[in-house]
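Numbering (my numbering), first residue to last: 1 to 128.
Everything labelled a hint here was simulated from the structure, so no lab data went into it.
Mixed in with the good hints there might be a few duds.
Pairwise CB distance ranges, derived in the manner of DEER restraints [unchecked claim]:
(1) 128 with 103: 37 to 47 Å
(2) 112 with 23: 24 to 34 Å
(3) 116 with 1: 29 to 39 Å
(4) 116 with 85: 32 to 42 Å
(5) 93 with 128: 33 to 43 Å
By construction, the Cβ of each residue, glycine as well, lies at the ideal position given by its N, Cα and C atoms.
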Amino acid sequence: MYAAIDTESKLLLEIDVYSRRGTDPAAAFLHRLTEKHDIDDTEFLVDAGGYLTALSRHDLSGHLNYSDRNTIEKLFQTVSMRIDRFHSFWRGSPASARRWLRRFRHHYNHDRPNQALDDRVPAEEVLN
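Using the sequences and the accompanying hints, generate a full structural model.
What follows is the structure, encoded as structure tokens:
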């Protein structure tokens, strides 16, 4: 699973699932991210060195800093918990997983209050 979260607004920009991990799926995810969002001044926090290669394929900068691992894990904690629950029961196709992830992204951004935003939803934070 690959996901991109705006660390200030907590907006879940993109989320997708691939059948394998590595540079090629990460590059495909980043390609889609660059097509949909302005990420020119974005700092990427990654949790493995292979992602740095994917970033460089798109002329994006990133750094690997294991001291920031807790930051990354905290940002993805809710997403990971929901995905783990989903994965335990899901027996469908990759296409159905992608549909579920799109619905989850909408719920996360528009319906689910975020404690770090004083119980506002991320979409409200972006609009204000």
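Subject >> Violated hints - listed by number, lowest first >> reply: The structure breaks hints 1, 3, 4; every other hint is satisfied.
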